[in-house]
Amino acid sequence: AAGVIQSPRHLIKEKRETATLKCYPIPRHDTVYWYQQGPGQDPQFLISFYEKMQSDKGSIPDRFSAQQFSDYHSELNMSSLELGDSALYFCASSARGFGAFFGQGTRLTVV
Amino acid sequence: DQQVKQNSPSLSVQEGRISILNCDYTNSMFDYFLWYKKYPAEGPTFLISISSIKDKNEDGRFTVFLNKSAKHLSLHIVPSQPGDSAVYFCAASAQRSRNTGKLIFGQGTTLQVKP
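Chains as they are written, first to last, in our numbering: chain A, 123 to 233; chain B, 3 to 117.
A hint or two may mislead.
Unchecked claim - With a straight-line Cα cutoff of 25 Å, these simulated SDA-like cross-link-like pairs (lysine to any residue) come out: (1) Lys-39(B) x Gln-166(A); (2) Lys-39(B) x His-151(A); (3) Lys-144(A) x Glu-44(B); (4) Lys-39(B) x Phe-191(A); (5) Lys-179(A) x Asn-29(B); (6) Lys-144(A) x Asn-29(B); (7) Lys-116(B) x Gln-83(B); (8) Lys-73(B) x Phe-167(A); (9) Lys-179(A) x Lys-116(B); (10) Lys-144(A) x Phe-48(B); (11) Lys-137(A) x Ala-43(B); (12) Lys-39(B) x Lys-137(A); (13) Lys-179(A) x Gln-83(B).
Hints listed in this document are in silico derivations from the structure and should not be mistaken for laboratory results.
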């Protein structure tokens, strides 16, 4: 069965650079979520989209933005990267908000 | 403010025995609860869920119990297998408020099943 696809799996950026993470949800899922998991921490909700509209916002820095496109894939854009942005970034998708299936994640390292 | 709490950072059990992972929540709006299993550097894998209209849900070796009055849920794994060794996250969402079902995670419990 198709799962949530995230790309890239690994990304190394320098401070103050920009990064773009991509997420392709499970087909026919209407909601996409982005989570950030720092070392030794639980996943923290960043932002979600329902039918291509932003539906909820969590602890997402102003330097970050996200959108969902007409084909339902989503991109998380991160600018002016800081060392503290180094983390695993997970995308998840769900159908009508019931449960969420996660992708493999993107490991972002800021040096 | 940790709305979902897993107070045991780790748990070690013998193969074949029962593993019981606990989770407490504070937000009475939560009405849908899930358990995820996670290996290092991988995404959480959905295991089992329960709606607040039920107090038990079973799927193979995994059973989730919900005690709404105590705002407590637990995951039972019987029998435990070495391949179950992973970090287990409890998560909760509030479907009624239709906030798109964003999940709030607990801190995770590392389960080690010894052969």
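Practice item. Would you list, in rising numerical order, the hints stated earlier that this structure does not obey? Key: Hints 4, 6, 9, 12, 13 not satisfied by this model.
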